[in-house]
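Chemist: Letter by letter, the chains look like this.
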Amino acid sequence: MKRKRYIFLSVLLCAPIWGSVIALAQSTQNAALAPPVVVSPADKAAIETFDKQVKDYIELRNKAKETAPKLSKESTPEQIQAYKTALTLSLRNARANAKRGEFFRPETADFIRRTLKIEFQGKDRQELRDQIFETETQGVVLRVNHPYAQSAELSEMPATLLTKLPKLPKDLRYRFVGKNMLLVDRESDLILDYMPEALP
Amino acid sequence: MRRIHIHHLLFAFLVSAILLIPATAQKLNDHSTAAANNRASGPLKLTLPNKEGSVRFAVIGDTGSGTNKQRDVGDMMIKYHSLFPFEFVLMMGDNMYGGEAPQDFEKKFAEPYRALLNNKVKFYATLGNHDQALQVNYTNFNMDGKEYYRFKKDNVAFYSLNSNYMEKKQVKWLEDELARETAEWKVCFFHHPPYSSAKKHGSDGQLREVLEPIFLKYGVKLVLTGHDHVYERIKPQKGVYYFVSGAGGKLRTGDIDGNTGLSEKSYDRDLHFMLFEAAGDEMYFQAISRTGETIDSGVINRK
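If you read the sequences in order, they're chains V and X. All residue numbers for the first sequence refer to my numbering, where the first residue is 2 and numbers rise by one. All residue numbers for the second sequence refer to my numbering, where the first residue is 21 and numbers rise by one.
If we strip away everything but chain X, and leave its shape as in the complex, we get:
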């Protein structure tokens, strides 16, 4: 009888340990980030090398809430702009929630980023599932009147896709453009994430089914998305680096599922934005919270 009790205890202990270790690790990670956040009123810290002649840009996603917190992110971006003068900002979609009257454009876009716009920082948008089609004509979104488009900065080519409606024509356009692409870095950005650990939406398998083979065939190294209101750096998938940056104006606290096995780094405690710097074969990145704390940083090598 006594031996059976010992086995029961041993069994219960081992099972608990197996089940709780990943969850505990995630909790510890969250708490350390939260603690870091509470300290976040100190001097700004740039982890990017800020090399001369590099391509510098920022990334924001799911921004258009028009809230004070969205404005906080805009304010923090202009502070970092003084340290790291990024030339343009990529928008991951859901640029405007709710109405899209002229006053909405003002409240949900122009006003939060006024200082950046005044500093001649250009914004390049993509459409999210809350965005109306006519946004492509808005001058400050620089979409060239198109739902999917390409632009190039030095050795980096950017492809904005409309993941709401990935019809054959768009897929063919992407393949044709990538096939003749001469830029060393190929970056795709769109709203729905092919990989995500968020509980609300998560990985978009059918989109991945269509796009991933193209990314692999034509050497797309970096894919930027939003939709899930969190930050997540996905473990490289078949050599491609995927980021979810969908908390520029809306947040889903505690939405990260720590058990997907996809996540290299995640953050769901506050809004954030990202900075990128392409310098030769290196692409440096830094994710920054609304209050200015660095939540992730690193470098991607193209080769």
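Just chain V, with the same shape it has in the complex:
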């Protein structure tokens, strides 16, 4: 009876220590890589269509950029503002009739949703989800051809996910707002398209 009590006490005393050790190990270990996404022929076709849309946008963007004042790497805040204002106005006018789903067509959206599901599955990816959901995005109005709110944070895009999504040219970016995934123009911050409830 006495021996059992000592064993019980020992287990109780050790529990917090082992708990701390396990928690520490979990906090410092590298998260395991998510499994690769299987890309079917249908997915390849969807990605090609997406790439074509992106390419067409970049052509349109290059034309719009010609109307904006030139920006150097040694610009003043006034020059930056003038450039951004002109580029934004020009792009909005050029895409006045833009609608949701022009980039994220159903087939492309389906591939991206599957990619996100694989990337975010598993307990070890909970940290990724937390990171995205903790981003303060109040003020962002999800509307195509409207700017991302200046006061809102930008979600960090997980590096491991970016290697699996269709590649983008330097002037376009993926971004999360809660569970929604956006495609935005890097310099003007215009929302080009978005997928509601993209994150599982």
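I should point out that these hints are in silico values taken from the structure, not numbers from a laboratory. Treat the hints with care, since some could be wrong.
Unchecked claim - Derived contacts from chain V toward chain X, CB cut-off under 8 angstroms, selection only:
#1 P70
#2 L72
#3 K74
#4 E154
#5 L155
#6 D190
Just so you know, even glycine gets a beta-carbon here, dropped at the ideal spot from N, CA and C.
With chain V held as given, fit chain X onto it using these hints.
Modeler: This is chain X only, laid out in the frame that chain V set:
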């Protein structure tokens, strides 16, 4: 019955001791720092050797609040500059919170650091999660129009990365540059911390997953970050020294979790900035609070 009571008391005492010792140590640490802070109006104290020919720089992070306290940090930096004439300042991102109109650049950057700018001190910025892309073109951020870039000062190479968007292209650029790097010291700086004990954000595991193997492969010894609004010197991780310096303009008081086991030294009671001095194989550092008190100092050996 009496024996059971003694066991209960003994048990309760031991459990309390185990649980409370780390928390008490942290509290004592905090109180000693707070007490030190209250004394912080005396003469400035430089712990760096200030050797001739060394590379001298400062570090600030999460600065762009435009508050009086941010200006206090700027004022303290210029005071230390008179003792330790650092040539440039690395900015850890979140250079501007909220709007980025010309008046914001003035209020949240130029005005707080006016005296340093007038003394020809250069600033090298990195982008945080509150920063807009076009900051890379701002003349005083010296980003060369790029979201990630490299520059070198004597035997120290600096790599500014965009941790908001760590795409494959950027990772490849970093690897290629590091592979041909000839500088003895390789320093990387970016916004999100691979290791952090702060409760608000904490360690960025997915970023660490991608970057840490590169740091180890190419001998990056020093990694500077922000994002969490605290000061923290992480215990060396696989030989790499990580700092979180994210309270140059915003503070999250009491945000350090004392139980992560990561922290060598932490401070979350006031804003701060850092000074560094690379002299041969030694990299000296000093963390200084808004009011001028030294909150941490030491030396990193490259070998």
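Chemist: A closest beta-carbon separation below 8 angstroms is what the hint needs, so does E154(V) meet it against chain X?
Modeler: holds (5 angstroms)
Chemist: Given a cut of 8 angstroms on the nearest C-beta pair, is the interface hint for L155(V) held or broken against chain X?
Modeler: holds (5 angstroms)
Chemist: Would the hint on L72(V) stand, with a C-beta cut-off of 8 angstroms toward chain X?
Modeler: holds (5 angstroms)
Chemist: Quick check on the hint: K74(V) CB to chain X CB, less than 8 angstroms?
Modeler: Since the shortest Cβ distance to chain X is 3 angstroms, the answer is holds.
Chemist: Does D190(V) pass the interface check with chain X, least Cβ-Cβ distance below 8 angstroms?
Modeler: OK, holds: D190(V) within 8 angstroms of chain X, min 7 angstroms.
Chemist: With 8 angstroms as the cut and Cβ atoms as the points, is P70(V) at the interface with chain X?
Modeler: P70(V) check fails; min Cβ-Cβ to chain X is 12 angstroms, beyond 8 angstroms.
Violated hint for the displayed structure: number 1, the only one.
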